[in-house]
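**Student:** For the sequence shown, the working numbering gives the first residue as 31, with consecutive numbering after it.
Some clues are possibly wrong.
Stated by the list, open to error - Derived DEER-like restraints, expressed as beta-carbon distance ranges:
no. : residue 1 : residue 2 : range
1   : K208      : L123      : 23 to 31 Å
2   : E91       : Q211      : 26 to 34 Å
3   : E106      : S195      : 19 to 27 Å
4   : K208      : E84       : 24 to 32 Å
5   : L203      : N108      : 44 to 52 Å
6   : N260      : K107      : 40 to 48 Å
7   : K107      : E135      : 28 to 36 Å
8   : K88       : L203      : 49 to 57 Å
9   : E257      : A110      : 49 to 57 Å
What the hints assert, rightly or not - Below, in silico cross-link-like pairs of lysine-lysine (BS3-like), each with a Cα-Cα straight-line distance of 25 Å or less:
no. : residue 1 : residue 2
10  : K271      : K256
11  : K118      : K88
12  : K179      : K256
13  : K206      : K256
14  : K217      : K206
15  : K217      : K256
16  : K208      : K267
17  : K217      : K148
18  : K256      : K208
19  : K107      : K179
20  : K267      : K217
21  : K148      : K107
22  : K179      : K271
23  : K118      : K107
24  : K206      : K88
25  : K148      : K118
26  : K271      : K217
27  : K88       : K103
28  : K206      : K267
29  : K267      : K256
30  : K103      : K118
Hints are computed from structural coordinates only; laboratory data are not their basis.
We put the CB at the ideal spot given by N, CA and C, even for glycine.
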Amino acid sequence: MLTVIGGCFFMYFFNRKTMFIVYMLFIVFSLILLSGCAKKGPNHSATKVMNLDEENLKQLETMNMLASEMVQKTTEKNYAEARDILLKLSEQLTEVNYEGLTSIEGLRALSDTFIMAKRNFNSVNLSEQDALLSSAKVHLVIDALSHQKEPMWLQYYSVLNSDLSELQTAASLGNKEKTSQLIETYKQHYDFIRPAMIINREPENIEQLDSYLTFLQNHISVDDKKENVNAVIEELKRFLKEVFYQNQSSTVSPLTGDQTIFSWAISIGTIIVSVLFYVGWRRYDYEKTNIFTVKK
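Could you put together the complete structure from these sequences and hints?
**Tutor:** Written out as structure tokens, the structure reads:
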């Protein structure tokens, strides 16, 4: 409105050339004033994003503590309370903003982990092993979301690397029965942390690890050249280390400081004991890191 009135005023008192110049100056001056007023207001969009990240962090940390409690209840064989915590976590999953946290494949791994856990805890024939593995996997995937810089699953590198070294030795000796047992052990350990790995790593990396495992399963028990199998295992060990320690030095602390207990757990070949020891270690070392970063 001011622009129109000003234009009429200038047209009356000035010639057309002078009127045009002054009129344009008046418009520019008005736009400067309007833009200045607009900049004085707060940036509500940026504030909302910042608060959203803080809310995500708080929500995920709460869920992480609940998941830890669920594991504890499971080790105490208090399955009813563990199931209640699982249902509460399932509800809270819908309140998290996953943008920038993980990939579509990561969300699927998260969802599948919870679906399988609920299926196990709803079973009338719930076994101790299924309960322990389900609760530990839930804890791992929640931790993978809330501690992306140093998730717990990184500390299983020594387990998988040890499995592959033993497998390589057995394959070199031509012991087919032993190699079959060891490849199954490696698969069990890998499957245990795989959902959490998918959350923090590129899907292509996990697919490649899957391909190595499939190759070994199909060739390690047949009459294939030892050199070929050993070469694949060596390449798998190299790539496994790369996936675990991408963008950082390989200085993550091992799964346990007590190598005697850890070796005993591995040697008797029982996942239950490994999970129980892992739970005890994690409770001791739970607050070692509390860093939340968002993927770009």
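**Student:** If a hint holds in the structure, say so; if it does not, say that too.
**Tutor:** Structure-based check of each hint:
| no. | hint | result |
| --- | --- | --- |
| 1 | K208 - L123: 23 to 31 Å | violated, 42 Å |
| 2 | E91 - Q211: 26 to 34 Å | violated, 40 Å |
| 3 | E106 - S195: 19 to 27 Å | violated, 35 Å |
| 4 | K208 - E84: 24 to 32 Å | violated, 52 Å |
| 5 | L203 - N108: 44 to 52 Å | holds, 46 Å |
| 6 | N260 - K107: 40 to 48 Å | holds, 43 Å |
| 7 | K107 - E135: 28 to 36 Å | holds, 34 Å |
| 8 | K88 - L203: 49 to 57 Å | holds, 54 Å |
| 9 | E257 - A110: 49 to 57 Å | holds, 54 Å |
| 10 | K271 - K256 | holds, 23 Å |
| 11 | K118 - K88 | holds, 16 Å |
| 12 | K179 - K256 | violated, 38 Å |
| 13 | K206 - K256 | holds, 11 Å |
| 14 | K217 - K206 | holds, 16 Å |
| 15 | K217 - K256 | holds, 20 Å |
| 16 | K208 - K267 | holds, 19 Å |
| 17 | K217 - K148 | holds, 23 Å |
| 18 | K256 - K208 | holds, 14 Å |
| 19 | K107 - K179 | violated, 32 Å |
| 20 | K267 - K217 | holds, 14 Å |
| 21 | K148 - K107 | holds, 16 Å |
| 22 | K179 - K271 | holds, 16 Å |
| 23 | K118 - K107 | holds, 19 Å |
| 24 | K206 - K88 | violated, 50 Å |
| 25 | K148 - K118 | holds, 11 Å |
| 26 | K271 - K217 | holds, 16 Å |
| 27 | K88 - K103 | holds, 23 Å |
| 28 | K206 - K267 | holds, 20 Å |
| 29 | K267 - K256 | holds, 16 Å |
| 30 | K103 - K118 | holds, 14 Å |
Hint violations for this structure: numbers 1, 2, 3, 4, 12, 19 and 24, all remaining hints satisfied.
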